[in-house]
Amino acid sequence: GIQVEQSPPDLILQEGANSTLRCNFSDSVNNLQWFHQNPWGQLINLFYIPSGTKQNGRLSATTVATERYSLLYISSSQTTDSGVYFCAPAYSGAGSYQLTFGKGTKLSVIP
Amino acid sequence: EAQVTQNPRYLITVTGKKLTVTCSQNMNHEYMSWYRQDPGLGLRQIYYSMNVEVTDKGDVPEGYKVSRKEKRNFPLILESPSPNQTSLYFCASRSLGQNYEQYFGPGTRLTVT
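First to last, the sequence lines map onto chains A and B.
Here the working numbering is used: the first residue of the first sequence is 18, the next is one more, and so on.
Here the working numbering is used: the first residue of the second sequence is 304, the next is one more, and so on.
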């Protein structure tokens, strides 16, 4: 199956700072999602981004599928950004689909 | 509102007492799946279903059963729970085809004593 590596595993930021989270994956994919797991455990969809770049407010993501990586950018971080960020690529084919989750990046934003 | 719902959200039970965690989605999605999340191990898929009456094992199916009698529902059954099934469980759904994202339910925190 697909191997997923996220870095860094832990990140502490001062409020207002910017950060880049990285996701490397081992095989060809045609699906990739980024999630934020908040301190209450809920998984929140951030981006569906199999390729290219998307932006949503202070967050943006870029996936370069040919080079097997994706990046999540957080600008002007806020305390509410704290939590764990997961990358989950997948290959979707006839009769098969499975998201494979990385181990996540734990982000702590301090005031 | 488009959503995936799970019940119960929290459950404490004892070893061997059968339980069912329900999952329902209102988006007419064909694909549904169950994951468990454990510290240090991330999210791992238990079972998935590509459509009604079509289910298949994920990476960690031992000790679990599922059924898909209706498109909207995908219950997870633990016939004889054990303490190593203490975990945070998520149900998810998506449309089939290449360009669709997966949506997750709010999670069920299960403790087996």
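Read the hints as simulated data drawn from the structure, not as lab findings.
Here a beta-carbon is modelled for each residue, glycine too, at the ideal position from N, C-alpha and C.
Treat the hints with care, as some may be off.
[Said to hold, decoys possible] Label-pair distances were calculated between CB atoms; the ranges are:
# : chain 1 : residue 1 : chain 2 : residue 2 : range
1 : A       : E22       : B       : A305      : 29 to 39 Å
2 : B       : T308      : A       : I29       : 28 to 38 Å
3 : B       : G366      : A       : E22       : 25 to 35 Å
4 : A       : W57       : B       : D362      : 39 to 49 Å
5 : B       : L399      : A       : N73       : 19 to 29 Å
Range hint 19 to 29 Å (beta carbons of L399/B and N73/A) holds or violated: holds (25 Å)
Supplied distance hint 29 to 39 Å, evaluated on CB atoms of E22/A and A305/B: Hint holds: Cβ distance 32 Å, inside 29 to 39 Å.
Beta-carbon spacing of T308/B to I29/A - inside the hinted bounds 28 to 38 Å or not: holds (35 Å)
Cβ distance range 39 to 49 Å for W57/A and D362/B, holds or violated: violated (26 Å)
Cβ separation of G366/B and E22/A, checked against the hinted range 25 to 35 Å: holds (29 Å)
The earlier numbered hint that this structure contradicts is number 4, and it is the only one.
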